[in-house]
Amino acid sequence: MSQNTLFDKVWDLHKVSSLPGGSDQIFIGLHLIHEVTSPQAFGALKDKNLKVKFPDRTVATVDHIVPTENQSRPFKDNLAEQMIETLEKNCLEHKIRFFNIGSGNQGIVHVVAPELGLTQPGMTIACGDSHTSTHGAFGSIAFGIGTSQVRDVLATQTIAMNKLKVRQIWCENKLSKGVYAKDLVLHIINALGVKAGVGFAYEFAGPAIDELSMEERMTICNMSIEGGARCGYINPDEKTFSYIKNKLCSPKNENWDKALTWWKSLKSDENSIYDDVIKIDASKVEPTVTWGITPGQSISINQQIPLLDDLSPNDKLVAKEAYEYMSFKPGQLIKDTPVDVCFIGSCTNGRISDLRIAAKVLKDKKVSKNVKAFVVPGSEKVANEAKQEGIDQIFKDSGFQWREPGCSMCLAMNSDKLIGNQVSASSSNRNFKGRQGSPSGRTLLMSPAMVAAAAINGKVSDVREFIN
Amino acid sequence: MKTIFIPPIGKISNVNGQCISLIGNDIDTDRIIPARFLKCVNFDSLGESVFEDDRRTLKGKHPFDLEENKNASILVVNSNFGCGSSREHAPQALMRWGIKAIIGESFADIFYSNCIAIGIPCFTLPKKSIEEIQNYCDNQSLLLKIDLKNSLAKSKDLNLNLEIKESSRKMFLSGEWDATSTLLDNKNLIDNKFNQLPYIKFNTNFL
Numbered sequence: 002m003s004q005n006t007l008f009d010k011v012w013d014l015h016k017v018s019s020l021p022g023g024s025d026q027i028f029i030g031l032h033l034i035h036e037v038t039s040p041q042a043f044g045a046l047k048d049k050n051l052k053v054k055f056p057d058r059t060v061a062t063v064d065h066i067v068p069t070e071n072q073s074r075p076f077k078d079n080l081a082e083q084m085i086e087t088l089e090k091n092c093l094e095h096k097i098r099f100f101n102i103g104s105g106n107q108g109i110v111h112v113v114a115p116e117l118g119l120t121q122p123g124m125t126i127a128c129g130d131s132h133t134s135t136h137g138a139f140g141s142i143a144f145g146i147g148t149s150q151v152r153d154v155l156a157t158q159t160i161a162m163n164k165l166k167v168r169q170i171w172c173e174n175k176l177s178k179g180v181y182a183k184d185l186v187l188h189i190i191n192a193l194g195v196k197a198g199v200g201f202a203y204e205f206a207g208p209a210i211d212e213l214s215m216e217e218r219m220t221i222c223n224m225s226i227e228g229g230a231r232c233g234y235i236n237p238d239e240k241t242f243s244y245i246k247n248k249l250c251s252p253k254n255e256n257w258d259k260a261l262t263w264w265k266s267l268k269s270d271e272n273s274i275y276d277d278v279i280k281i282d283a284s285k286v287e288p289t290v291t292w293g294i295t296p297g298q299s300i301s302i303n304q305q306i307p308l309l310d311d312l313s314p315n316d317k318l319v320a321k322e323a324y325e326y327m328s329f330k331p332g333q334l335i336k337d338t339p340v341d342v343c344f345i346g347s348c349t350n351g352r353i354s355d356l357r358i359a360a361k362v363l364k365d366k367k368v369s370k371n372v373k374a375f376v377v378p379g380s381e382k383v384a385n386e387a388k389q390e391g392i393d394q395i396f397k398d399s400g401f402q403w404r405e406p407g408c409s410m411c412l413a414m415n416s417d418k419l420i421g422n423q424v425s426a427s428s429s430n431r432n433f434k435g436r437q438g439s440p441s442g443r444t445l446l447m448s449p450a451m452v453a454a455a456a457i458n459g460k461v462s463d464v465r466e467f468i469n
Numbered sequence: 033m034k035t036i037f038i039p040p041i042g043k044i045s046n047v048n049g050q051c052i053s054l055i056g057n058d059i060d061t062d063r064i065i066p067a068r069f070l071k072c073v074n075f076d077s078l079g080e081s082v083f084e085d086d087r088r089t090l091k092g093k094h095p096f097d098l099e100e101n102k103n104a105s106i107l108v109v110n111s112n113f114g115c116g117s118s119r120e121h122a123p124q125a126l127m128r129w130g131i132k133a134i135i136g137e138s139f140a141d142i143f144y145s146n147c148i149a150i151g152i153p154c155f156t157l158p159k160k161s162i163e164e165i166q167n168y169c170d171n172q173s174l175l176l177k178i179d180l181k182n183s184l185a186k187s188k189d190l191n192l193n194l195e196i197k198e199s200s201r202k203m204f205l206s207g208e209w210d211a212t213s214t215l216l217d218n219k220n221l222i223d224n225k226f227n228q229l230p231y232i233k234f235n236t237n238f239l
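Chains as they are written, first to last, in my numbering: chain C, 2 to 469; chain Z, 33 to 239.
Quick caveat, the hints were computed from the structure, so don't treat them as lab data.
Glycine included, every Cβ here is placed at the ideal spot set by N, Cα and C.
There's no promise every hint is true.
Unchecked claim - Sample of chain Z residues facing chain C (criterion: CB under 7 Å; computed from the structure):
hint	residue
1	D58
2	E120
3	Y168
With the hints as extra help, turn the sequences into a complete structure.
Here's what the structure looks like:
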């Protein structure tokens, strides 16, 4: 059993009681909600005649269903309009702060909370969305929950949960040029498998992690769940603190000093005990692309799609399914695979640094005629920052469509969808069957820089050939 | 959907029903209920859309479309079932189709919690036993009687020692799987915790 890790410390701090069945009752410091997984929870409160216990501890935004072209109200899609109206009504009724479209702070919930300074070290954070693990980048313990647990957090600010085991993923050395956080996390998921994290929190540590910016760390923690880990985190350091400083909701003046003192005391002890430790050599990671239907099915840009015989018995069943669905032949190179759609965005890679890197690749280049390319900033703040820096113009000049913020084609709940069996080069997090809106659509996950390179060449390309 | 849906309530100590086998590892929640069906403000009509895209692809040959499975209520799956999105819509859709319990090699964490929270017990068995059950289901109807008190499942030919997290088993037997009221019982402890947390005090700018 783990001891003295950051996870243990934050868990113990938030433990309200041991429940009769053996699970723990855990206090949730920050609760984030959005339009998709909250309406039924508010409905259940009404049915049970319960109130929101601490309305100040819940913050709302709208992201999954928002259109990215025309955001004028009412939305063209009646169901989407009904969902945003329901959220507006629930927030108003329960006095929950809501960052709506046009507020300047709307966007993907996992982009918005950090940029507002809401996400802080040592907190427990829950949201009805599996990518809540993103917030672990700040040394918080953050995890996705379902709607019944959203109801429980609203009603009690606590949930019932079994304590997770802790696996440290120690990343040695540094990433090479043209290799990004996305490549590293895809590499880790491939090395450990998509279910290795079940029952675990992942602590990402080591020189390669220390080196990463806060936004890169968010990309890593974001995809913990794709490796099966509900929660992923990184011990906070100076980069964490300076990211939070002077944000809208961050502590100010003497409160900042108090916060800093406490945050600095929060990290895994040197003699912490982990349930498991894995070492990864970051210098060996290359630009990585998925070829299959799980985020674990990835290879380096110059590798061949694995043969069935090269895979472990447990991986063969899904590999067979993947070859068929993706129309790939075992042994085929992933490089030069033609792509139809290029998507840059999502809670994994829709932040300003992601857009900057992609824009650098795209500058003075044109998107291939055969490709539909679009970029969806992660938030209104990201969009505004990009406009100030002229990045939007670089995207537009290259042939990318510049859209309004939201989740968009990561999960295709709005009108941004693949058509038929189109192949998408995507900076998002899931390549599941049908994930991007067409039941036969095919997704290749990669870093935003690699998406930009694919857009230019009209096929999967090595971004290192673009950056010298 | 076969009959009017009645959600489970209170103690759950037995689940009796016919098994339905669904073969495949890493079956994610996007496949269980594709995202376009999440555009709803209640769960009522999800049952008919469960596995919509997989079913359409298989044109009537998906296990959830086979006539012999129409009354099944115990789903038998392989490894990492329910991975991906936290959408509770996935177990809600299964439940509204008629699933009352799931037996599998392993489950994704959030999916498992969601099942517990809505009253669907999930049990695990080793890969070999699951495959045996799935083979059996291919050839004939398998009626199982699951006894949560003893973690046993019986049919006329099989005796299975099911595994389930002890905390989940206890919650089903006591009825506390519907956690809200149990959590609310500790109202004072919750208030104390709120008052003790360091960051509540220095986050006067929080909102």
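Do the hints match the structure? See the list:
Interface hint status for D58 of chain Z: upheld, as the beta-carbon distance to the closest one in chain C is roughly 5 Å, under 7 Å. For E120 of chain Z, the shortest C-beta to C-beta distance to chain C is roughly 4 Å, which falls under 7 Å, so the interface hint holds. Because the smallest distance between the Cβ of Y168 of chain Z and any Cβ of chain C comes to about 19 Å, over 7 Å, the interface hint for this residue is violated.
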